[in-house]
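For the record, the sequence lines run as chains W and E.
Residue numbers are given in the working numbering: position 65 of the first sequence equals residue 65, and the series is strictly consecutive.
Residue numbers are given in the working numbering: position 141 of the second sequence equals residue 454, and the series is strictly consecutive.
Incorrect hints may have been included.
Quick look at which bits of chain E chain W covers, simulated, 3 or more residues with Cβ under 8 Å [said to hold, decoys possible]: (1) 318-332; (2) 335-346; (3) 374-383; (4) 387-396; (5) 466-479.
Don't read these hints as lab results, they were simulated from the structure.
By construction, the Cβ of each residue, glycine as well, lies at the ideal position given by its N, Cα and C atoms.
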Amino acid sequence: MKEELFVSGRNIPHIDPFLHLWTWEIPLYLFLGGLSAGILFFAGYFYVMHKERDMTVTIKWAPMLVPFLLVIGLGALFLDLHHKLYFWRLYTIIRLESPMSWGAWVLMAITPLSIIWAATYLKEVFPKWKWPFAWLDSFEAFAIKQRKAMAWALMLLSVILGVYTGILLSAFNARPLWNTSILGPLFLVSGFSTGLAAIVWMSKSKYERKVLTRIDLIFIFVELFFIIHMIMGLQAGSEAAIEASQLFLGGQFTVTFWVFVVLLGLLFPATLEILELRGYHVPGWLPSFLILLGGLIFRFVMMDAGQLTRYLY
Amino acid sequence: MRYAMAVDTKKCVGCGDCVVACQTENNVPHGYCRDWIVENVAGTYPKLEIELRSERCNHCENSPCVRCCPTGASHIVDGGIVLVTHDECIGCGACIESCPYDARYPHPEGYVDKCTFCVHRVSDGENPACVDVCPTSCLHFGDLDDPNSDVSKILKNREWKVLAPEAGTKPQLYFLT
Chain W
1 MKEELFVSGR NIPHIDPFLH LWTWEIPLYL FLGGLSAGIL FFAGYFYVMH
51 KERDMTVTIK WAPMLVPFLL VIGLGALFLD LHHKLYFWRL YTIIRLESPM
101 SWGAWVLMAI TPLSIIWAAT YLKEVFPKWK WPFAWLDSFE AFAIKQRKAM
151 AWALMLLSVI LGVYTGILLS AFNARPLWNT SILGPLFLVS GFSTGLAAIV
201 WMSKSKYERK VLTRIDLIFI FVELFFIIHM IMGLQAGSEA AIEASQLFLG
251 GQFTVTFWVF VVLLGLLFPA TLEILELRGY HVPGWLPSFL ILLGGLIFRF
301 VMMDAGQLTR YLY
Chain E
314 MRYAMAVDTK KCVGCGDCVV ACQTENNVPH GYCRDWIVEN VAGTYPKLEI
364 ELRSERCNHC ENSPCVRCCP TGASHIVDGG IVLVTHDECI GCGACIESCP
414 YDARYPHPEG YVDKCTFCVH RVSDGENPAC VDVCPTSCLH FGDLDDPNSD
464 VSKILKNREW KVLAPEAGTK PQLYFLT
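All chains, please: the whole structure from these sequences, using the hints.
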């Protein structure tokens with residue numbers, strides 16, 4: 001028997017008996033950040049590949065959503081802060097050791113860039129659009145000329161943003177479930193997969209849907225591989241890591257994780273996508289919806305489960 | 314200079330005086346604490362062993378909370394004491410997530426708070442409040458770089474352990490066993 005009690009009656013809100021400081025705000029932001037990263041990466045990629053005509057939703061339409069997604073995500077991050085009026089302190093210093101610091105700076109770069117990218121296509125998407133000031137017209141003309149440079153910057157920054165959503169958690173040595181270096185790549189591919197799902201949902205072009213669905217299938221299988229890899233790594237780790245992985249292997253998150261994330265969020269939509277590529281009629285929104293929902297649940301599960309895990313002493 | 318504390322688990326009776334002294338000295342809000350007492354019971358009846366530990370921030374040498382702080386509010390001062398500058402802290406909670414000892418908490422005013430080793434007393438040459446008040450004198454505080462300090466001497470003569478050494482944090486709260 002081993003029993004540990006706080007005899008001095010410690011019951012601090014959000015900390016005891018189990019750490020539950022980060023609730024819905026951070027996982028929602030991680031989801032929106034990954035989704036935005038996915039959309040922006042493929043907008044940049046297909047622009048650089050000269051697919052502006054064939055992939056209109058990927059390059060022009062879907063990025064219109066991103067500024068809104070990022071602003072909602074940033075809003076969630078702001079709500080999570082306990083000392084809200086001091087949030088500007090984030091931008092008085094660059095601390096490379098702290099993932100949250102460079103994540104904040106990457107957001108500072110990618111959010112305006114996504115707004116400018118979307119703005120350069122506003123007139124194409126909404127032909128009646130008029131800028132209220134003349135200088136905005138000249139800025140637009142300038143930005144349109146810089147699209148190629150912006151596309152490269154979007155690709156680079158979106159990979160950093162996607163990886164960062166994972167590294168934010170994996171940098172915490174104190175939470176064994178998160179403390180695995182596969183978490184960065186895992187959140188990156190998961191974010192890209194949700195981004196692709198969102199574009200496919202919006203697109204009506206057969207060609208575009210086919211190209212993106214094929215890429216999405218690759219990402220889904222890489223993600224499944226990373227998930228298995230993560231659990232194997234934890235199982236082969238220290239006692240704290242083994243105990244952490246038990247949350248998914250018989251513990252309290254087993255059903256949520258395997259049914260809602262792996263089965264309904266990855267395997268089932270992947271099957272639907274394969275059927276669609278083979279010519280079967282599948283409701284166009286269904287695989288995308290499931291992938292997006294699975295991605296959201298995945299981040300909530302990782303957040304809640306990770307905070308339950310700790311060193312044992 | 315390297316401040317450290319040694320807790321004599323053989324002498325601690327778990328009275329909680331250190332907890333109350335800290336709450337009074339540092340104006341800790343109601344319902345919160347910067348130090349606390351853990352009772353660890355191990356073994357099979359009738360061979361049970363009880364260990365009482367007065368715990369607090371470990372003022373780690375390799376402190377994950379300082380590393381992950383995005384604003385630099387968490388920092389280390391002379392003597393290795395880990396502190397939080399309240400008006401630089403945004404209350405993001407990264408340091409709370411990063412602490413293997415769950416030694417930090419969000420203060421109701423928003424910033425993150427924790428044990429300071431009573432830096433305001435220590436810098437005047439006094440002991441932290443918890444050490445001074447302990448009725449069994451089971452808390453020992455001092456400078457590890459000074460071989461004649463209370464804490465150096467007792468760590469030399471007694472067996473001790475630290476919590477979760479595998480976390481690599483190099484904690485400076487020693488438990489005499």
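Here is what the structure says about each hint:
Against chain W, the segment 318-332 of chain E contributes 3 residues with a C-beta closer than 8 Å to a partner C-beta. That satisfies the three-residue criterion, and the hint holds. For the segment 335-346 of chain E, the assignment as covered by chain W holds, since 3 residues bring a beta-carbon within under 8 Å of that chain's beta-carbons and 3 suffice. Under the rule that three or more residues need a Cβ within less than 8 Å of chain W, the assignment of the segment 374-383 of chain E holds, with 5 such residues. Coverage of the segment 387-396 of chain E by chain W is violated. Counting CB-CB distances below 8 Å, 0 residues qualify, and the rule asks for three or more.
Coverage of the segment 466-479 of chain E by chain W holds [criterion: at least 3 residues with CB-CB distance below 8 Å; count 3].
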